[in-house]
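Enquirer: Chains B, C, D and E: place on chain A using the hints.
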Amino acid sequence: MSNSVNIIQTTKKNLKGSTFICGLPGVGLVGNIVANFLINNLKLEQIGIVDGDNFPSISVVKDGIPNHPMRLYAGEQVCNNGKCNQLVICVSDFVPPTSATKELVKCIFDWAKDNGCTSFITGEGFSTAPSDGEKDSIVYGITSTEASKDWIANAKVTPFEFGTIGGFTGVMLNEGRLRSLNVLGLLAEVEEDIPDAKAASKIIEAIDKLLLEIDLDPKPLLEEAASLEKELQKVSEQVPTDNSNSIPRYIG
Amino acid sequence: MSNSVNIIQTTKKNLKGSTFICGLPGVGLVGNIVANFLINNLKLEQIGIVDGDNFPSISVVKDGIPNHPMRLYAGEQVCNNGKCNQLVICVSDFVPPTSATKELVKCIFDWAKDNGCTSFITGEGFSTAPSDGEKDSIVYGITSTEASKDWIANAKVTPFEFGTIGGFTGVMLNEGRLRSLNVLGLLAEVEEDIPDAKAASKIIEAIDKLLLEIDLDPKPLLEEAASLEKELQKVSEQVPTDNSNSIPRYIG
Amino acid sequence: MSNSVNIIQTTKKNLKGSTFICGLPGVGLVGNIVANFLINNLKLEQIGIVDGDNFPSISVVKDGIPNHPMRLYAGEQVCNNGKCNQLVICVSDFVPPTSATKELVKCIFDWAKDNGCTSFITGEGFSTAPSDGEKDSIVYGITSTEASKDWIANAKVTPFEFGTIGGFTGVMLNEGRLRSLNVLGLLAEVEEDIPDAKAASKIIEAIDKLLLEIDLDPKPLLEEAASLEKELQKVSEQVPTDNSNSIPRYIG
Amino acid sequence: MSNSVNIIQTTKKNLKGSTFICGLPGVGLVGNIVANFLINNLKLEQIGIVDGDNFPSISVVKDGIPNHPMRLYAGEQVCNNGKCNQLVICVSDFVPPTSATKELVKCIFDWAKDNGCTSFITGEGFSTAPSDGEKDSIVYGITSTEASKDWIANAKVTPFEFGTIGGFTGVMLNEGRLRSLNVLGLLAEVEEDIPDAKAASKIIEAIDKLLLEIDLDPKPLLEEAASLEKELQKVSEQVPTDNSNSIPRYIG
Amino acid sequence: MSNSVNIIQTTKKNLKGSTFICGLPGVGLVGNIVANFLINNLKLEQIGIVDGDNFPSISVVKDGIPNHPMRLYAGEQVCNNGKCNQLVICVSDFVPPTSATKELVKCIFDWAKDNGCTSFITGEGFSTAPSDGEKDSIVYGITSTEASKDWIANAKVTPFEFGTIGGFTGVMLNEGRLRSLNVLGLLAEVEEDIPDAKAASKIIEAIDKLLLEIDLDPKPLLEEAASLEKELQKVSEQVPTDNSNSIPRYIG
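Residue numbers (this note's numbering), protein chains in the order written: chain A, 771 to 1022; chain B, 771 to 1022; chain C, 771 to 1022; chain D, 771 to 1022; chain E, 771 to 1022.
Simulated from the structure, these hints should not be mistaken for laboratory data.
Be aware that a few hints might be false.
Just so you know, same-sequence chains aren't split out, so a pair can sit in one copy or run between any two.
What the hints assert, rightly or not - Keeping only pairs whose Cα atoms sit at most 27 Å apart, straight-line, the calculated DSSO-like set for lysine-lysine is:
1) Lys-853 - Lys-905
2) Lys-786 - Lys-883
3) Lys-876 - Lys-1000
4) Lys-853 - Lys-876
5) Lys-876 - Lys-782
6) Lys-883 - Lys-782
7) Lys-883 - Lys-813
8) Lys-832 - Lys-919
9) Lys-979 - Lys-786
10) Lys-782 - Lys-968
11) Lys-919 - Lys-786
12) Lys-926 - Lys-832
13) Lys-786 - Lys-832
14) Lys-919 - Lys-813
15) Lys-905 - Lys-813
16) Lys-782 - Lys-919
17) Lys-919 - Lys-1000
18) Lys-926 - Lys-905
Note that the coordinates shown come from a computational prediction; the quantities given were computed from them, not determined experimentally.
Just chain A, same shape as in the assembly (with noise of 0.2 Å):
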């Protein structure tokens, strides 16, 4: 099976200088918590979808509406204090299989640079030992770009000096790295692999640090995360399995 993915914009959207936001799920859901979080508080819109051959064959229903599980969100133009920003959000609901992660790299960068996106942002969780006592998760960033590493300090973010860094986030690094495009790798730590609500708000105080400069009351973040993953914990009691096996199965 082919690795191609395609991007297809069902919305036209002027994006001129926008940043490029990516939430693919990883450990702890993370990214993808981080992505709802912002798609439904700044009322961003569809505006597209993300679909390659040997992603996964299934519909997200939300409020009655069939979703393709990785998304385009595009808002207009926000500014505060003087500062102004546009936001294309990428949301996933599912890692995408390895053998396509370079593939969905190049693909979003091809498409961000015909609609003149100029930053790029990846939230993702990573694993981290289990801590004694109650321990703030660090959040680590990292650039592509000598021209962006002050972003780092800028979110307030912990500098990620060694290590390796897989899947996506990383390519969108390399790939970063090799075009001259500002990437910032966000990567919080999770102690568990369940969904986790306070390790995504962490990234989204360091995204809204670094681009909306909104004075943001954690309380709510926290609750807001918590009732996503309410609703995903509701997705999957109503769920209908997945009939199609990779093995066709026969009547009678």
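Expert: Leaving out everything else, chains B, C, D and E in the frame of chain A:
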């Protein structure tokens, strides 16, 4: 192996304005029973077959006639109480391999567009936890577009609000939304994965309310559906085993 | 690996109006025994081979002559009692891989069309539950077209009414129906998957009644068929093992 | 991965009328020992290599020189007793993957035709049940054409009459027959799958009788063959392990 | 998935007459330590990356900068004692998949030809049986051409005479011989598959004797090599797990 899927039409018919109904087996063989019931009761005529490179290599024999395991049927325009309908039915005796699902849906929509079909219904079962007492199977409905949303109320089914829908029905809804085609997905609760004529009859009732305006007596419907079950049983008793293995068998 | 299948004809012959008979091993090696019996008794001449990218890499040696494991044979026109027949026989020493079945059938029909073959017969065994007493193997018949339906009665076999037919015979029937080509599938009951000369002789009788109009004495037929069994036995004792593994073996 | 196979000729030589001998390892490394013996004794020169996309990624080092694991050698014309011969030898240190066998044979025949080779010999071992006493290994011979049939008697080997021959030798015979090229397959009985110099010497004697007309003293032949065994042993003791796994290994 | 491999050069440099050194991990991470040591000590600059369709999707972060896992470095011409050298170094943090090894070697040789590199060195460890006492790791050398044979004596390493060399080094030697390119393979004995700075230092000494003519003090070399080990250790502690599985993970 390629995933290409083709429709070969063997009988030409004017299908302008017709409704395309898909019945693939799934849980409880529900979609299959629904499609066969409609084909038999409306005396539809086979007009073609759907074949794919990785569809199973079997012939389904009925009344001494060999059949491809996925087929298209159509009838003439039927009018009741001033409402008119013409049906095209795609019935399958196997669940298509996951890797071919997207191609199958694209093939169906392309063919339907060329032939002027204007609405789409898929019927399928989905697993639910067994209940204690005698409970009627709930049928959920979901549509691909805002325009077709009132079909849910008209068919008197329960709106499907949150969850994920896998396989053929999920892709029909996603792709239908992308192409702005009206698709209604009907999902009937099934408690056990055995041929479930009762769940199928609930979907037939819903289709009837929506399209045919025939006052159905549920009893003969159940009898008919039950006899379809028996036919499948008979098939399975007389069936020669499939000698083709993917690993070639040598003689000697 | 591709599934392409090719026929390479090594001897030109006028085959206009001939009957194409396929004998692939299957359960009880029935098809194989049938094809070999006809080739030997009618002294047919090898006219070509059928090869596919994923057909086995073996040579079948008979009388010191190496052979491809799937071959085509043909004879001159034979006329008895005013009825004339010319046969092309495709015999295979292996069951083709499932993924190549459709390509094989298409390749055969394309070649047959180019060479003017007008009817098709496939013979195969199928598994049945063991019976207590001495029971004759029933031979079922099924045709691809309305036009060829009376072949079933003419061959004095039992009509196959309901069920699924897997593999080569199933695809021959489906594709034959699609192309409006007359195909007769003959399926002989086999109780155990060991070379079954008796079941094969039943299919030979049916073919004889339909085509050759020769008054066959069943005893020599069984003797001949039994001697074919012995030949296969002899082959298997002297056979060098296939040293080719899919994983390369290094020396040292 | 593709199965394409290529011959890269590094030294040009006039090979018109030469005999092409193939020695692939197989059971008892028989073909390999035969080919190496002939290369060493006739002081043949390496003239090229055979490589395929899925041939192993190894270098076989001899006398400090790295070698592809499948190689071509040739010598000058040798005449004895008025009979002349020139040999091309293809020696392989691995059994080619089954999926590449047909491509390899086609590649060899195409190259041989371009270079004017007129006859072909393959030597291989095949497994036989262990015997009690001291029994000489029987060598069987089989040819692809009627024209080359007397080679079997000339080489004083036992005709191979019935059976199946798998792998490289089988495909050489099949394809040779199709192309009307004279191929002699020599198969020596081997009781255990350990390097078998004695079985190899039987094949060398047969080749000698057929082609070289040199009066071979079997003793030095066995000594030479035994020393080839030792060389292979030495290789295996000093061999660095193959660190390449199909699954990439990460550091750290 | 295709096995295509590409070099993307990000910094142009005149590399005419330079030596191309490859350091891939293998047993004991020897090649990797060698390459990193040379890059650090000669303060080489990253000039590009090597990427392949089935190379791992990871970013290797060093000093807060994301890196492709296979990279090219080069320096300026260095002259000592009248001898001049310029190095290009290919360092990899993973063992390339076997199926891509040949493509990788071809890609490297093609690029090297375009850029005027004239000699090639690969360094790797190979497993040896553990010895009792304190024994120095032997470094073996082997060259692809007659012309480069004296490099083995110049580097003061033990000639590798018989055996098979798997993976990247084996293919570099084979392909180098075919293309008449001078390749030196250096293989250091490693007793256990743990990072082996001592074995690496032996290869560095050999390269130094051959190319750099710098009087190396083995102690700082070992210290440096040991600190490289620690860095790799640090990386592995902080590493986020790779969340991408080949089987897509659904949320909910």
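Enquirer: Within a copy, between copies, both or neither: where do Lys-853 and Lys-905 come within 27 Å Cα-Cα?
Expert: neither (33 Å within a copy, 59 Å between copies)
Enquirer: Is the C-alpha distance from Lys-876 to Lys-1000 at most 27 Å within one copy, between copies, in both cases, or in neither?
Expert: Answer is neither; intra-copy 33 Å and inter-copy 34 Å both fail.
Enquirer: With 27 Å as the alpha-carbon cut-off, assign the pair Lys-919 and Lys-813 to within, between, both or neither.
Expert: between (30 Å within a copy, 23 Å between copies)
Enquirer: Quick one: Lys-853 to Lys-876, C-alpha cut-off 27 Å, is that within a copy, between copies, both, or neither?
Expert: neither (29 Å within a copy, 45 Å between copies)
Enquirer: First find the shortest C-alpha distance between Lys-883 and Lys-782 inside one copy, then the shortest across copies, and answer within, between, both or neither for a cut-off of 27 Å.
Expert: both (15 Å within a copy, 25 Å between copies)
Enquirer: At 27 Å max between alpha carbons, let me know whether Lys-919 reaches Lys-1000 within a copy, between copies, both or neither.
Expert: Intra 36 Å, inter 26 Å, cutoff 27 Å: inter-copy only.
Enquirer: First find the shortest C-alpha distance between Lys-832 and Lys-919 inside one copy, then the shortest across copies, and answer within, between, both or neither for a cut-off of 27 Å.
Expert: between (38 Å within a copy, 14 Å between copies)
Enquirer: Reference check for the pair Lys-876 and Lys-782, CA-CA at most 27 Å: within, between, both, or neither?
Expert: both (21 Å within a copy, 24 Å between copies)
Enquirer: Between Lys-883 and Lys-813, at a C-alpha cutoff of 27 Å, which is it: within one copy, between copies, both, or neither?
Expert: within (24 Å within a copy, 35 Å between copies)
Enquirer: Reference check for the pair Lys-919 and Lys-786, CA-CA at most 27 Å: within, between, both, or neither?
Expert: within (22 Å within a copy, 35 Å between copies)
Enquirer: When no copy is specified for Lys-786 and Lys-883, does a C-alpha distance of 27 Å or less occur within a copy, between copies, both, or neither?
Expert: Within one copy only: 10 Å inside, 36 Å across.
Enquirer: Up to 27 Å between alpha-carbons, please classify Lys-926 paired with Lys-905: within, between, both or neither.
Expert: within (17 Å within a copy, 52 Å between copies)
Hint compliance for this structure: hints 1, 3, 4, 10, 13, 15 are not met, and every other hint is.
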